[in-house]
Structures are given as C-alpha cells and as structure tokens.
Amino acid sequence: MDRQARRTVSREYFSQERLAEHHFRSFNNFMERGMQEVVAEKETIETDIGDKEGEEPVYVELGDVRVVTPRVREADGSEELLYPQEARLRNITYSAPVFMEMSIIRGGEEEEEVVVDSAETKVGRMPIMVGSSKCNIAGFSDEELVEIGEDPVDPGGYFIVNGSERVLMTSEDLAPNKILAEYDTKYGDEIQVAKTFSQRRGYRALVLCERNREGILEVSFPSVSGSVNFVTLVRALGLESDEEIVHRVSDDPEIVKFMLENLEMAEVQTQEEAIEKLGKRVASGQGKNYQLKRANYVIDRYLLPHLHEEGVEEEEVRSNKAFYLCRMAEACFELALGRRDSDDKDHYANKRLKVSGDLMKDLFRTALNKLARDVKYQLERANMRNRNLTVNTVVRSDVLTERLEHPIATGNWVGGRSGVSQLVDRTDYMGVLSHLRRLRSPLSRSQPHFEARDLHATQWGRICPSETPEGPNCGLVKNFAQAMELSQNIEDEQALKRELASMGVEGIPGLEGVEPQPADD
Amino acid sequence: MSQARSPNCPECDGRLNAHGDETVCGECGLVVAEDRIDRGPEWRSFADDDTNPERTGAPLTRSRHDRGLSTEIGRSTRLKGRKRRQMARLRRQHNRARISSKRERNQVYAFTEIRRLVSRLSLPEQVRDHACSLVRSAQNEDLVRGRSLEGFAAASVYAACRVAGVSRTVDEVTDVARADANEQQAAYDALNRELGLPVGPIDPVEYIPRFASKLDVDASVERRARTFAEEARKAGITTGRNPSGVAAACLYTAARGTDCQLTQRETADVAGVTPVTLRNTYTDLQNQ
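Chains as they are written, first to last, in my numbering: chain R, 222 to 742; chain Y, 12 to 299.
There's no promise every hint is true.
[What the hints assert, rightly or not] Listed next, the stretches of chain R that the computed footprint assigns to chain Y, with coverage defined by at least 3 CB atoms under 8 Å from CB atoms of chain Y:
no., stretch
1, 417-430
2, 498-509
3, 650-659
[As the list claims (entries may be wrong)] Derived Cβ-Cβ restraints for the label pairs, each shown as a range:
no., chain 1, residue 1, chain 2, residue 2, range
4, R, 598, Y, 113, 18 to 24 Å
5, Y, 78, R, 511, 42 to 48 Å
6, Y, 28, R, 694, 16 to 22 Å
[Stated by the list, open to error] Using 25 Å as the maximum straight-line C-alpha spacing, the simulated DSS-like pairs for lysine-lysine come out as follows:
no., chain 1, residue 1, chain 2, residue 2
7, Y, 113, R, 343
8, R, 273, Y, 113
9, R, 355, R, 263
If you're looking for bench data, these hints aren't it; they were derived computationally from the structure.
Please read these numbers as outputs of a predicted model, since none were measured by experiment.
Just so it is clear, CB atoms sit at the ideal spot from N, CA and C, and this is done for glycine as well.
Please model the complete structure; the sequences and the hints are all you need to start from.
Structure (structure tokens):
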C-alpha cells in the first residue's frame, strides 16, 4: 500500500463514527437483543398466591420489552423529547421510558388458566447512550446538531445521569468457559490445576480440577466445600465404567497409567453410589432422600453451568459435563508430563472485554429481578385486600429506574465492583477520545503483577503500546490501538453449531437433522 | 456504602486483604473494593445546621410510616448453622415488630400505594410527601374508618396535585389507582370537608401543557392556547365550566388558525370530556 492509500485508511479509522464505535455497537446490541434476552430468561414472576386452600395460583408472564427514545416528563405532566444538551444543562438524566408486555394469569390448579389482565405498561426508565441508535440525535446532520446546541464533533458513547456525563469503563476479564491449565503449590508441593470460569446468564462459577501430590484428581466447584474426587463426580454424571472414563480422558499410554491409579483409588463403582457419596458431602446430617435430591440439584445447578442450553436434554448435558471434566483432567496430566506448558493468562486470546452493553446487561438483569420482587409483593398485597389484579396497578416504575441510574451515577456496579462508571474527562478534546477508548484491568494496582503489566506480544494491533499512565496503574490501564476492531459475541449460537456440524464436528447436543458429511479432501 | 460482602474473593474464593483504601484478593489480586469514602453529595439538608449538629443518617421523610428511621437486620454468608438460623428468627421477629399497630399497618399500605401512584404519574417528590401527610392527618381526624384505604391514597395524591398547582384530572388518577371512582370520590370529599384543603377552582392553564403534548401540537399553538385561557378567565367564561373542557376548547381554537388542525373529537377525548362540552366553550371564545 502506498503512502496515500495508508493515509486514507488511517483517516477513515479516525473519522468520528469510529472513535466510540465499540461503545455504540455494544450498547445497540444490548438495546436490540440483550434486553429481550434478559426478559426471556426471567420469563415469569411467580407469586405466593394460591398457597392457601381453595385459592388459585397467580403468576405474571413477561412478554416483549420496548424502549423508545429519551424524553422528559415535566411537572405539569407534559412529555417532550429530550436532547443531550438539555439534560446536561438541567441536571436531569438522559433516559428513555421502557415498556413491557405483562399478563397476569390465574389458575392451573383446579380451574383452567385464564388471563386476568394483559397490558403493555411502563416499567421504568433506561439511561441512553449519547449517539447510540436510541439517542434522539442519531442521524442528525452537523447543522441540525448545532441547531439543538450539540457539538457536532462530540464522539458520544457516554451516558448523562443527573446532568453529569458518565462513561462506562471497558474492563478486561479472563475469558470465561475456557480451560486454563497452570501450576500451583499446595503444602510446598507443586501441583497441576485446570481452571474454568463457567458463566451462564450472569451466574459465574469457578470449577477447579487439581492433581494432588499423590496423583489423584480432585474437583472443586461452588456449593461444595473442599473438593470431590474426580472419579466419583464423573460416575455421578453417568460415566460409569473404568474403560469409558479412561478412554474419555486420553489414549496416551502415560496418561492411561495415571488414570488407572485414580481408578484404583476410586471410592465408588456405580452412578447410584456416586450420587449417594456426593449427597453426603453436600447435605451431611440430613435425611437420605433429601441428600439425593440435593446432590442432583447441585450437579445440575452449580457444576459447569455454561454447558446448559435451551432445548438440550438434561441427560445429554450431564454427559457433556462428564466429557468436559475429562478434558480438564487431560489438561492436568499433560501439564504433569510436560507435554504442554501452562496457559498464559496474559495472552489476548484468553481475555474478553466487557464493554458498556455487557455491563448494562448485568445491571438490567439485577434491576429486573428487583422489579419482579416488587411486582410479586404488590400482587400479593392487592390480592389480600381483594382488589382486582391489573397490570397497571402492580408495577412501580421507580424501582427499575432507581436500580439502573444509581450504579451509573456512582460507579458502584452490581457484583461489588466500584469505579465502573467515570466522569468523562473534558480537559480537552483528546482527553475525551482517550477516555472513551480506555480499558481497565480489574487487578490490584498495589500489587506488583509484573506479567500483567508487561506489554504482551498479542496486544499488537489491539492495544496501544505506549499509552498507559505512569505510577501504580501502569500497564493495568490501557488504551485501544487506532485501528482496533472489537468483535461481538455470536448472535445465534444454534446457527454456529449447525455450521460446525455441517463441517464435520460431531457430538454437538441439541442439533437434529444435520447429516454428518464426510470431509472431502 | 454499607453492604454485606462475602469475606472471600467473588472470582477465585481467595482470602481478602484490606490495606489502604483497597480490599484486594490475596490469590488473584482482584480489587473487590476501593475508596471507602463516599464523596457523593450529603444526604441530609443542613438547613437547620445551627440548631442541629447531627450529620449522619438518611434524611427524615414524611413518606414513611416511621419517618425513614427503620432498622433492618441484614444477611451475611459468614454466619453458619445455628447462628444463622438464630439471625433468621431474629429478622422475622424484627420485621413483625416493625409495625406495632393496625393504624401503622394501614399507613404502610397507604404510603406504598401513594409511592406507586406518584411514580406512575411521574409527579415530583413534594407531591408525594404532601400526599403522605394528608393521609396521616386523615388518620388523626379519624376519617379513614369506614372508607377505603386505596381511596384515600388516590384522593390524597389528587389533592396534593391540586394544592401544588400541577393538576391531574380525577380520571387520570383513577385510571392508575387501585381504588374505584366512588371510593376515591368519597375519600376526597371527606378530606376536603374535614381538613379544609386550600384548593380553589382549577385554572384551565394547568391542563394545557399536558393536553398539548398528548395531542402533539406545536409550541406556538400551546402558547396561543394559554393566552386564550387567560382571556377566557378574565371574561368569566370559565366559571361553572369543566376546566379540562375549557383547556381543550382553548387548544382547539388555537389550533384552528394554524396548519396543524385538530378535530373536536380527538381534542375532547384527550381531555376526557364530550365534544359538546368543548363546543360550548369554543362558541363562547369565538364570541369574544
């Protein structure tokens, strides 16, 4: 490429729309799909109505969610379109009303289910990113922007809450749902550990698979204190025979030898025994039936939750979990045998960025839960006082609004992280641009973490090699490179899996009608 | 910010060390919390700074039965077994003891309903506080007995709006209230009679901005409608007329001259009156 062409490309990357493009894409994505996904996850709001004798149960079904563009409701009751500059000057929040379809349904016990009331109601207000597709200035020409008092070269990409501009810091996290093998020390001995941050719908569970100094594999996951024997857990998941377990881990003779040691030490031989054993761990001192119930619940709920998927049989999920654990075991053994090196946590392939849309999704999820709890309470009260149950009279719209605005205004995010939102740096124009393209590592700045602060080779083309603050934050706060492109999560996982299956990948659950095709060379 | 936190790291379950202004996981180095000083604006108003040296606690509010001075027993994952169950029992007893009398229970219910109505109608906070104190006074005067609580909640919101000069029509409040029109009317009558609400006839001007935004007309039309309403008041056309009807007629008249035409029907619908009501005021305005 000659110099002229390079310059053109470079200009294009520094054009206005691209500067906060990652924020827009992420937030628009959240508006268009993310919100609906969160509502679909929630699906219904159950109530305690119907616990009494002779009373029919009542629940609320959540339907489509819709966000309009920002507007302001004046004290005299009139509602008008709100533009960012007005929000800044009047110290109000640049937010748009959120509407949701709700139906109150009664029955299902003895009578048939009837829809008591169904309506689309305003559930709250959602702060809107300036410049996003839901923003009132989207698609305005420079002249129109000047007309409404907006700066035509302002990049957007931030929120306005109570008149102050807040930008959500992109945060750099370790990739979830990936096996990371590494060395660790326990009681002075070196051991091998395979880790996975399993994540699904905002729930995060750390699953560890350790090979201890006797060479025995142990797995630990949330809700079980300490660790569980690997073979026990795999048997509880339905992988029973010795041969199958060994085969699933590896065919490598050395690893098979290690596996046989494990099987010799096995505490249980069958699935029933294994579940019993697990039950004793998770609910010791309780009745036997409860122990079994609890053990099954723990397996389905807390162990590797990311392997669950809509429309996949529970049975299949369990066998997938067993296979996944076997992969983790293999990683441990390979590390022990020196067949592989430990995974590099600072490699950019092992990093994921949480941009504004992802952060807002987390926030919206907890806000919706709070709203659901309030609706439940209001419904129960209304029912107790023999009032008609209508959608309009059970929703308090300030609950959701409050839960969405407060974290953005203070930076205290859900999950106990602070400093997520920051006041946009308006020292000068470059300050704004740099601030919008900044990302933060959640590691401590008072600990050395030399490797995490170092410039990693994989940051080439993604992260600016020179722009980082001096002092305690050095290397932890980074800035995007000029031509950085941030790819989004896959929209339709099913389509991806179908594509993979058509390319010859076998054993993807929940897919039917795809004929395995022979690979043509 | 007082928040119940687990003593372990949320990501790797490691031990947390607090040093300086940071709480840091010893295993993975995740910063769980930092900067414990709340630099946000103060919660309370310090208008009475000279007489009252207290600087802590949330502001007192009239919109809570205990004026915002409640105590809650929180939850902790640090407690296990017996201690935990004991705390759960304490929490339950504490919640039961929070409301001591039937009267307070009613107040809690009425205030929740008021809060819901106020958020639903997007009314300012002063209206909420005033509505709550109206319910309190009604209870003191023993007006609530025999009338419905929901009615009082709705009526006091309506009354507070009128006193504050941000009138809503009765129908607008009834639409979102749990009370029906009769209950609300009964409660409002009682409030008005016994407490002597400082409300005069409604000025139609109060309705104009809201109807204008519902009809989506120009700001110039709205401005003209205001002057019409003012003239009508001076000429005495408004006396004895439904104020929302007058407001609708003013808007209709103002829109007639411009290119954004309104029909009598749609204007009347927005105001919740019949086209006939609108027409009567309209002809009077024409005669002016």
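Each hint, compared with the structure:
Coverage of the stretch 417-430 of chain R by chain Y holds [criterion: at least 3 residues with CB-CB distance below 8 Å; count 3]. Residues of the stretch 498-509 of chain R lying with their CB closer than 8 Å to a CB of chain Y number 0, which falls below the three-residue condition for coverage. Beta-carbon proximity to chain Y at under 8 Å applies to 0 residues in the stretch 650-659 of chain R; the threshold of 3 is not reached and the given coverage is violated. As the Cβ distance of residue 598 of chain R to residue 113 of chain Y is approximately 20 Å, the hint placing it in 18 to 24 Å holds.
Range check, residue 78 of chain Y to residue 511 of chain R: Cβ separation about 45 Å, and the 42 to 48 Å hint holds. Between residue 28 of chain Y and residue 694 of chain R the beta carbons are some 19 Å apart, a value that agrees with the proposed interval 16 to 22 Å. Under the criterion of a C-alpha separation no larger than 25 Å, the hint pairing residue 113 of chain Y with residue 343 of chain R is inconsistent with the structure, at around 33 Å. Of the pairs offered as hints, the one joining residue 273 of chain R and residue 113 of chain Y holds, with about 23 Å between alpha carbons and a cut-off of 25 Å not exceeded.
A hinted pair counts as satisfied when its Cα atoms are at most 25 Å apart, and residue 355 of chain R with residue 263 of chain R qualifies at roughly 24 Å.
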